[in-house]
Amino acid sequence: MAQDIPADSIRVVDLDEIILIGREDLNNQKQDKPLSSVDDYLEKSSRITMIKRGNYAWEPAMNNMNSDRLAITIDGMQIFGACTDKMDPITSYVDVSNLSEANIKSGQQGAEHGSTIGGGIDLKLQKSTFGEERWDIGLDTGFESNGEAKIFSGEFNVSEDNFYVNTDIIYRKSGNYYAGDGIEVLYSQYEKYNISATAGFKTSEKGAIIGSVIYDRANDVGYPALPMDVSLARAVIGSVAYEHFNVNTEIDRWETKLYYNSIKHVMDDTKRPDVPIHMDMPGWSDTFGFYSKMDWNKADHHMIFKLDSYYNRSLAEMTMYPNDSEEKLMFMLTWPDVRTFNSGIYAEDEIALNKRENIKFSTRLAYQHERVADEFGLNSLQIFYPEMDDSRDRFLVNLSAAYSINNDRSKWNFSAGYGHRAPSVSEAYGFYLYNSYDNYDYIGNPYLNNEKSAEANINFDYDINKFSVGAVASFFYISDYIIGEIDPELSAMTIGANGVKIYTALDYATIVNTGLRMSYKFLNAFTLSGSMGYNLGQDDENNSLPMISPIEYGTALSYRKGMFNAQVDMKGATEQTNYGENYGESPTDAYTIFNINAGSNFYFGSQQLLIKAGVENIFDLFYSTYADWNGIPRKGRNVFLNISYIIK
Amino acid sequence: MKSITYIFSILFVLTIFSCSDDNDDNPEDLNKEIEGLIKVTEISNDEHIIEIYSTQAKLYQGYNELTLRIVDKLTDEFITNATLNWMPVMHMTDKNHSCPKSEISKVAGMKTTYEGFIIFQMAGMMNQGWDLTFNYDVDGNSYTAVGDIDVMMSEKQVVTVFTGTDDVRYILALIEPSDPEVKVNDMFAGLYKMESMMSFPVVKNFSIELDPRMPSMGNHSSPNNEDLVYDASQENYQGKLSLTMTGYWKLNLRLMNENSEVLKGELVTEENESSSLYLEIEF
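Protein chains in written order, with the working numbering: chain C, 1 to 648; chain U, 1 to 283.
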């Protein structure tokens with residue numbers, strides 16, 4: 001089912017997508033900008049939109065649903081950001097240097113790694129394989145004119161029969177970027193580095209131990225769409241896994257992994273000149289977990305069984321410094337040390353009915369226990385909910401069924417699903433979390449029910465020699481849809497905020513996503529492709545939901561011959577007419593931008609040099625999209641150059 | 001049978017010993033009765049020393065919950081059966097006045113201690129300070145003890161004196177929360193009428209509207225506060241005070257009589273940042 005993303009940057013429409021990120025693919029020149037961020041890679045998926053609060057750490061949204069509705073994992077590991085304002089989606093704690101691919105599954109197909117509504121994204125870490133003795137060194141550097149961004153990366157990999165080691169490091173630094181017309185976007189700078197090492201040891205013919213450590217640290221990250229910046233975002237992500245291959249004739253692979261990760265995130269506003277009150281907002285998120293997963297083939301069945309558990313601790317606090325220094329500091333817990341224990345089982349069975357037809361079933365059943373461990377935090381929430389208990393249990397169910405048929409020229413896929421998700425820590429236990437998008441303070445609601453989604457999808461592809469078309473449509477009916485509702489009785493905490501919203505549930509909301517794509521290959525080396533998407537999201541009173549894409553379109557002409565490739569592409573969106581006015585959203589204007597890139601590979605014996613260069617937003621258009629928080633403008637013209645040098 | 005007799009005899013001996021312990025008035029045991037309290041001062045006459053204890057080391061402007069103990073100077077023993085009255089008096093250059101106070105009663109379950117409270121509406125100043133007079137009876141004999149006391153200024157406004165629209169002078173003091181936390185706190189306040197310079201009876205059956213605000217946070221307020229209503233058993237006003245964070249809170253108040261007529265204070269609005277009747281908390 002999985003499909004590579006073609007060389008062009010046109011979005012492909014599929015229920016399952018794998019976006020390749022690793023070095024092998026850099027060499028294959030599949031990417032228009034190899035050293036772009038993980039966020040840029042993810043944005044290539046038709047299902048994914050990256051919500052931007054600045055130039056760094058974008059929040060993935062899928063099927064027009066934000067990250068609370070997704071199950072995002074790194075190599076199957078649960079990791080939760082430590083920022084109450086979503087300034088650190090977990091995708092920001094890895095980098096292209098240590099990933100091999102992003103496994104994207106829409107809706108209930110994505111429940112393997114967690115209870116989800118919108119879908120699942122699993123970022124696979126790059127790992128060598130046991131076998132031939134080899135080593136390689138790779139050095140990469142990139143430069144971008146806009147923001148004077150610099151990227152340096154290096155990696156060293158060794159593999160032998162019984163042993164391999166992958167190490168890499170990447171460093172990125174950018175100044176403020178400039179939107180179209182040369183307008184500087186203040187507080188859009190960032191600096192980060194990421195170091196990772198993975199080692200595998202074969203313990204027997206069929207067994208191996210694999211350990212992995214990632215250290216990621218970003219400093220001085222500006223968030224132009226928010227009133228605060230980040231002085232530190234740090235993650236330590238570690239795991240040890242035991243892999244058992246060919247357990248018997250039926251069990252291909254049995255992997256058991258133990259993991260731990262710890263995130264510290266410090267928001268600060270000391271560099272902002274005009275804040276009404278200075279504040280510090282540190283947050284911590286620590287997660288222990290394990291999973292054990294078995295791939296089982298029996299006759300026409302391909303099955304996956306997985307057992308997983310995690311325990312997360314989320315704590316965030318806010319200290320405000322009164323302008324009158326005689327006054328005592330103002331302190332509150334914004335995440336009251338919430339301990340979440342989640343344990344689930346997942347099973348999937350894909351059955352080949354015949355050569356053409358497949359059916360697939362999957363289910364996840366999970367139990368979740370949540371507890372507010374800090375008495376100060378519990379007392380705080382009890383101001384709003386006097387009868388609130390310190391803990392609560394949930395049961396989560398996810399189910400899906402799919403049918404696909406591959407004819408000679410056409411391919412159909414029908415699927416349906418039903419699933420739950422638990423409210424996020426902020427939604428259930430947040431305390432005066434300021435949201436700059438609608439300018440409201442948000443209070444969590446521990447009494448929220450699980451959000452439930454029923455979905456149906458249809459996917460169609462048709463090929464005539466060099467011409468192919470595809471269409472996809474998904475429909476989600478989400479009951480107990482979690483969203484903030486204004487409580488006019490409450491007084492805002494944040495100075496200048498419009499008021500307070502309490503997380504509550506709409507009876508239901510509906511989201512429809514549709515897409516069309518086509519591509520045409522001609523003269524052997526050229527491909528012309530195009531795509532278009534239309535989405536609609538409505539609440540139970542037929543008002544538009546916020547953050548739903550307007551009509552988006554794109555087209556690209558690419559050329560590839562031998563070691564050389566080039567592409568011109570155009571992307572755009574219509575004016576946003578269905579915008580969530582009731583939810584504080586402002587509409588965005590139509591825009592169309594043009595990009596161009598070209599690259600080539602050069603070989604010198606066992607050495608390889610890859611050069612890629614391009615211009616983004618050629619006409620320096622000043623624009624912003626519906627996914628840009630508070631309408632912050634996107635980058636204007638940007639000239640980039642990426643160089644990779646590999647010695648084997 | 002034998003063993004039961006044995007156990008009983010041991011129990012009997014133990015009971016005797018524990019009884020005699022009680023009768024001994026072991027000073028260490030009796031000191032437990034003032035555990036956690038700090039001696040603020042003592043006032044004495046020829047016969048007795050009256051020790052005054054509080055949770056704080058000093059007396060402060062506002063509500064002071066006090067614990068007393070009387071020591072016989074001759075025997076060094078505690079007087080356990082006294083009946084006491086007290087009268088705090090502020091000596092000003094042109095006049096003297098007293099302040100609201102409770103009766104003094106024996107602390108329930110304690111042998112040696114007495115308790116009561118005094119609400120000092122002002123701190124002592126240079127050359128015009130407070131003294132405290134005790135008139136008390138022990139075994140049918142009457143005694144008097146007088147001493148000067150230091151009353152320190154409170155950093156925050158925990159007591160306020162004002163004239164209502166009914167031309168009556170009132171004193172309003174914060175009793176609880178004495179140790180405020182980020183939660184829904186119980187709030188108690190004492191309301192007294194200045195009948196004369198020396199008489200401050202409790203005002204009953206009024207009500208006090210509460211609107212806590214943080215001036216440093218754009219006058220942020222908190223939810224689920226409850227206005228204060230009169231509690232006849234404790235003779236004070238009780239309500240609920242929600243504090244959403246630590247820091248400085250201004251408790252804006254409006255005082256209303258039995259007929260819900262506003263005697264003092266204004267509503268807090270966009271235009272009117274605070275009420276003229278307020279108390280303060282900082283933690």
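Treat the hints with care, since some could be wrong.
[As the list claims (entries may be wrong)] Pairs of lysine to aspartate or glutamate, EDC-like flavour, derived with a Cα cap of 16 angstroms:
id: 1; chain 1: U; residue 1: LYS183; chain 2: C; residue 2: GLU375
id: 2; chain 1: C; residue 1: LYS328; chain 2: U; residue 2: ASP148
id: 3; chain 1: U; residue 1: LYS156; chain 2: C; residue 2: GLU327
[To be verified] Derived coverage of chain U by chain C (criterion: at least 3 residues anywhere in the stretch with Cβ under 8 angstroms from a Cβ of chain C; other residues may be distant):
id: 4; segment: 39-49
id: 5; segment: 246-256
id: 6; segment: 267-280
Calculated from the structure, these hints are not laboratory results. No residue lacks a Cβ here, since even glycine has one placed at the ideal position from N, Cα and C.
| Within a Cα-Cα threshold of 16 angstroms, do LYS328(C) and ASP148(U) meet the stated pairing? | violated (33 angstroms)
| In terms of beta carbon proximity below 8 angstroms, does the segment 246-256 of chain U have 3 or more residues touching chain C? | Result for this restraint: holds, n = 3.
| task | Verify the proposed pairing of LYS183(U) with GLU375(C), using a straight-line Cα cut of 16 angstroms. | result | holds (10 angstroms)
| said: Verify this for me: three or more residues of the segment 267-280 of chain U with a beta carbon less than 8 angstroms from a beta carbon of chain C. | reply: Violated, because only 0 residues of the segment 267-280 of chain U bring their Cβ atoms closer than 8 angstroms to Cβ atoms of chain C.
| query | Does the segment 39-49 of chain U contain three or more residues whose Cβ lies closer than 8 angstroms to a Cβ of chain C? | reply | violated (count 0)
| If you draw a straight line from the CA of LYS156(U) to the CA of GLU327(C), is it 16 angstroms or shorter? | holds (11 angstroms)
Checked against the numbered hints above, the structure violates hints 2, 4 and 6; every other hint is satisfied.
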